[in-house]
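**Student:** Sequence:
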Amino acid sequence: MSGKRAKYLPDSRKPDVENSVEWISSSKDLVLCIHGPAGVGKSTLVGHLSEELRSAGQLAASAFLGAFSPDTSGPETIIKTLAHEIGSIHPRAIPKIVEAINQCHATSLENQLEGYILKPLRLLNHPEPLVIIVDAIDEWRDHPPFIEALAHLNSETAVVKFIITSRLDPHTSRLRGIERISSHSYPLRPVPQEVVKDYFNHHFESIDWDHRRKPSDRQVDQLAGMSGGLLVWGATVCSLLSHKFSDFTPHEILSGILAEEQKVGSTEQLAQLYRDAIIRLFPSVEDQKRLRSYLGATMVLQEALPAHDFCMLVGMRPHVVASIQSALSALQTRLPPTGSSNKVHPASTLFHLSFLDYIRATPAENVFAISIFDRHAAVALACLNQITRLLPVLSNQTSSISLHGIQRYAIKHWPHHVSHGTHRSHDEWVKTLHCSTLHTIPIDVQRQWAALFLKTLLPEAEAVVTEEQDMTSILTRVRGSLRRDGWEHWVFEVACSEVAVRLGPGSYEAWSKLEESYYEMGEKTGSAKMYEESAVASRHALALLPASHLERSSGLSSLGNALWGLYECNGDVNALNESISHHRDALALQPVPHPDRYLSLTNLGGGLNTLFRRNGDLNALNEAISHYREGLTLLPASHPDRSFLLDNLGIAFRTLFEHSDDLNPLNESILHHRGALALRPAPHPDRATSLLNLGDALRDLFSRNDDFNALKESILHLRDALASMPVSHPSRSTSLDHLGCTLQSLFVYSGDLNALNESISYHRDALAARPVPHIERPSSLNNLGYALRLLYECNNDPNTLNEGISLLRDALALLPVTHLDRLSCLDRLALALRSHHKRKGEIETLDEAIQLRRELLVLCPPGRRYRAHYVKRIAALLEIRFELTGDEADRSEIEVLKRELDEWRTEDDVRGEDSNGDGL
1 MSGKRAKYLP DSRKPDVENS VEWISSSKDL VLCIHGPAGV GKSTLVGHLS EELRSAGQLA
61 ASAFLGAFSP DTSGPETIIK TLAHEIGSIH PRAIPKIVEA INQCHATSLE NQLEGYILKP
121 LRLLNHPEPL VIIVDAIDEW RDHPPFIEAL AHLNSETAVV KFIITSRLDP HTSRLRGIER
181 ISSHSYPLRP VPQEVVKDYF NHHFESIDWD HRRKPSDRQV DQLAGMSGGL LVWGATVCSL
241 LSHKFSDFTP HEILSGILAE EQKVGSTEQL AQLYRDAIIR LFPSVEDQKR LRSYLGATMV
301 LQEALPAHDF CMLVGMRPHV VASIQSALSA LQTRLPPTGS SNKVHPASTL FHLSFLDYIR
361 ATPAENVFAI SIFDRHAAVA LACLNQITRL LPVLSNQTSS ISLHGIQRYA IKHWPHHVSH
421 GTHRSHDEWV KTLHCSTLHT IPIDVQRQWA ALFLKTLLPE AEAVVTEEQD MTSILTRVRG
481 SLRRDGWEHW VFEVACSEVA VRLGPGSYEA WSKLEESYYE MGEKTGSAKM YEESAVASRH
541 ALALLPASHL ERSSGLSSLG NALWGLYECN GDVNALNESI SHHRDALALQ PVPHPDRYLS
601 LTNLGGGLNT LFRRNGDLNA LNEAISHYRE GLTLLPASHP DRSFLLDNLG IAFRTLFEHS
661 DDLNPLNESI LHHRGALALR PAPHPDRATS LLNLGDALRD LFSRNDDFNA LKESILHLRD
721 ALASMPVSHP SRSTSLDHLG CTLQSLFVYS GDLNALNESI SYHRDALAAR PVPHIERPSS
781 LNNLGYALRL LYECNNDPNT LNEGISLLRD ALALLPVTHL DRLSCLDRLA LALRSHHKRK
841 GEIETLDEAI QLRRELLVLC PPGRRYRAHY VKRIAALLEI RFELTGDEAD RSEIEVLKRE
901 LDEWRTEDDV RGEDSNGDGL
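With the UniProt record's numbering, the residue at position 587 of the sequence shown is 587, and numbering never jumps.
Simulated from the structure, these hints should not be mistaken for laboratory data.
Yeah, the Cβ is synthetic: ideal placement off N, Cα and C, and Gly gets one too.
Hints are not guaranteed to be accurate.
[As the list claims (entries may be wrong)] Derived PhoX-like pairs: lysine-lysine, alpha-carbon spacing no greater than 25 Å straight-line:
1. K343 with K289
2. K343 with K7
3. K455 with K343
4. K838 with K872
5. K14 with K28
6. K119 with K28
7. K872 with K898
8. K431 with K80
9. K412 with K455
[Stated by the list, open to error] Per label pair, the in silico range of CB-to-CB distance:
10. K28 with N111: 21 to 31 Å
11. K214 with S88: 53 to 63 Å
12. L168 with T338: 26 to 36 Å
13. V772 with E793: 24 to 34 Å
14. N125 with D208: 32 to 42 Å
15. N111 with D661: 41 to 51 Å
16. L433 with D208: 46 to 56 Å
17. L258 with Q288: 16 to 26 Å
18. H439 with I101: 34 to 44 Å
19. T338 with E22: 28 to 38 Å
20. H126 with I279: 48 to 58 Å
21. L433 with Q288: 17 to 27 Å
Kindly generate the complete structure, drawing on both the sequences and the hints.
**Tutor:** Laid out in structure tokens, this is it:
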């Protein structure tokens, strides 16, 4: 089979290689993220880098994640694979790897990274950092927890560095966890046409041309232009030209490719080439039908199978499969592992992602499109037919059963294929052959399958004897056994639960376990899809419980939590409102002395507090405070959750202070935060959170009464909080942002420019950690924009002011009208525009500032905190415009505003957050 695709053309990526080597030698970042579209040459580049680093003794390990099953290789598997390669390349590291095998099983990913990778590499004491290359990380479902765990190694760049590749920029595409890692993004561009021409001329030397007549320079130029700079396109052309198939000569094939030049657009080169290649390789309708069957099966295949077992599984003749494999080798980009040429491999391990994307395209775009759902359904049925042929044996004889390859595959993977090839709908499920086949399997064979399944996945575990009387219960029991082994088998766990709810749609336990699996994966990966699936399963579970059922309050809480997680992912206020509704219903079912009442009070209070931040509903905030107070009364002083409730209550009171300017809620907030901190001595895992909350409240106290001691204590606590938060801590961006705000306050109070510069640095770091659509991104944009405006007032640099205005505009665009932070953003943007007007004199800028302040007055009606402050500032702007234009309408409006100000002549009412003295 062709392996030419991955061969690096000398000097074709010389600048990219040099930049990568420079990063390795000089950068302090942990990760280099090389990104570019499918086919641009990422794998070829890092393959070359891998060989160069290996020759220099600087390669720790490399892995192409596209070669792993996308659904069954968890982060633990990848870490162990990297460790195996480290041991192969550096035998001196093996003792530490063996130590990790004994000590790190079922521990956190951070512990496994340290045990399997960091400690073995540290033992080598290499003078330069050793490099681990992870290719195609975005093709791997479980990359989020792996990426997040890498943050644990941020300070170890003298020992190890990582190079990862991805189709999209990990930062702009919101690759979860990347914001917590010290990393650098490097876009890989298509190569110049001259390089493509060199590539063609180089490979054309080895092609058996008709009468040794190579293509003309004009034809090579045409091909280079059609490639779009994608060497995978050129490699596919060369493979087609050199492949022996049909009666076409290389020149006839070349003519056919060139004839498509006018049909190919910049985004369609590969799709057109793949379409033409398939037609040439499989010219008849019958050939194409067989190709679809073969490709469809390999695209859902979970692991390699011997060819004869694959043929039995999919019902194809061996000579047909061999013929298809031979023809498709022209389109392969990767060789199968050594010694496995007699096997059929998952398509993802042999073909370029661009080819698989083409095959998966919708039928309207691609006549060769394959339905992955239908393919899973077909393979699932074949697997179930194998299960029906199992003969029951005594439970103590299970370990001695010898399984053929196809039997082992069917036992291990039928739940996965069934869950991906059938619908949950009971009406649809009962009509499937999968349903009827499962119902024909005797109970003793079902139990035997469970024992064999667990023995296959957990060979070291004690044999499990199941006594359940139906397949739904057996699957639920199996799922529980897998959970005890950690996250490595989550795919199998959720597949068992998915089949269980199909077989037992009336089983509350089955739906509840499915909801739990998806929710916990949502918590682990931050995936909105996981929370959505959790909510769907939770709704099904709830529908099975009558209003009086003891488990109903628990089910309502689970649904509320899933919807809250969804809101945290995408900011959908409908999800938030529904979450609150379900938590309210759960609370109603948990009267005193229900042991979980305090949890429902906490959940409901959290939702209501967030709702207030979203829409300013004071009733929601007061209700949240009431629930938190009651929750505290239910917990004794020694309860481990008491500090959590104290912190939440402190946050709610601080929010009330921000709304009302009443000092009493702020003092109570500080009191509760001090109480929480006292219950969290070092090294309590939540101590940093309490330090952060207390620091924020003390900053507000300084803002309210100029208590400089409160400001100093605030900075002290916020610095301690940040120092105790690793890069992977979920609140680190909040800590950065709030410390930046507090140092900003120090600058305004004292004029300390160092404090302002440090503030800006923290705000930049916070913004980098909050990519779109992070809920707190508007806050970071707002705070950084305001800090830059303050810096402009010191350095008079127009670039600083322009950047500040741009950031504030971005923040405003992300804040809905009802969001409380919109007031602050409108005020700050108006201030920045006034500074711009003073510099440039453009009346349009002044008009915009006035318009922003008009919106402020609408959002801050009489009686609200800072109303007089905003009235004063818009009046000042109108006076400036009146002096410039003489517009009598401005004069009339100024008089109305001044009459309102006369009614609000107290110092507290007119003080503002900006103290530069311009009053604007």
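**Student:** Decide, hint by hint, whether the structure agrees.
**Tutor:** Now the hints, each set against the structure:
This hinted pair checks out: K343 and K289 have alpha carbons roughly 22 Å apart, not beyond 25 Å. Proximity of K343 to K7 is assessed by CA-CA distance (about 24 Å); at most 25 Å being required, the pair is judged to hold. Simply put, K455 and K343 have alpha-carbon atoms about 24 Å apart, close enough for the 25 Å limit, and the pair holds. Among the hinted pairs, K838 with K872 is consistent with the structure: their alpha-carbon atoms are about 18 Å apart, no more than 25 Å.
Our distance criterion of 25 Å between C-alpha atoms is met by K14 and K28, whose separation comes to about 23 Å. A distance of roughly 20 Å separates the Cα atoms of K119 and K28; the hinted pair therefore holds under the 25 Å criterion. Only pairs whose Cα atoms come within 25 Å are accepted, and K872 paired with K898 is accepted, the gap being roughly 8 Å. Distance restraint check for K431 and K80: the Cα-Cα separation of roughly 43 Å exceeds the 25 Å cut-off, and the hinted pair is therefore not satisfied.
Between K412 and K455 the alpha-carbon distance is near 10 Å, which keeps this suggested pair within the 25 Å criterion. A hinted range of 21 to 31 Å holds for the C-beta pair K28 and N111, which are about 24 Å apart. For the pair K214 and S88, the beta carbons lie near 42 Å from each other, so the given range of 53 to 63 Å is not met. L168 and T338 have their C-beta atoms about 33 Å apart, which keeps the hinted 26 to 36 Å range intact.
Take V772 and E793: their Cβ atoms lie about 29 Å apart, and the range 24 to 34 Å holds. A hinted range of 32 to 42 Å is violated for the C-beta pair N125 and D208, which are about 53 Å apart. About 48 Å separates the C-beta atoms of N111 and D661, a value consistent with the hinted range of 41 to 51 Å. In this structure the hint that L433 and D208 lie 46 to 56 Å apart at CB holds, the actual value being about 50 Å.
At roughly 24 Å, the beta-carbon separation of L258 and Q288 lies within the given 16 to 26 Å, and the hint holds. For the pair H439 and I101, the beta carbons lie near 43 Å from each other, so the given range of 34 to 44 Å is met. The given range of 28 to 38 Å is respected by T338 and E22, whose C-beta atoms sit roughly 34 Å from each other. A C-beta distance of roughly 52 Å is found between H126 and I279, which places it inside the suggested range of 48 to 58 Å.
Remark: the range hint 17 to 27 Å for L433 to Q288 is upheld by a beta-carbon distance near 26 Å.
Figure legend: structure checked against the earlier numbered hints; hints not met, in rising order: 8, 11 and 14.
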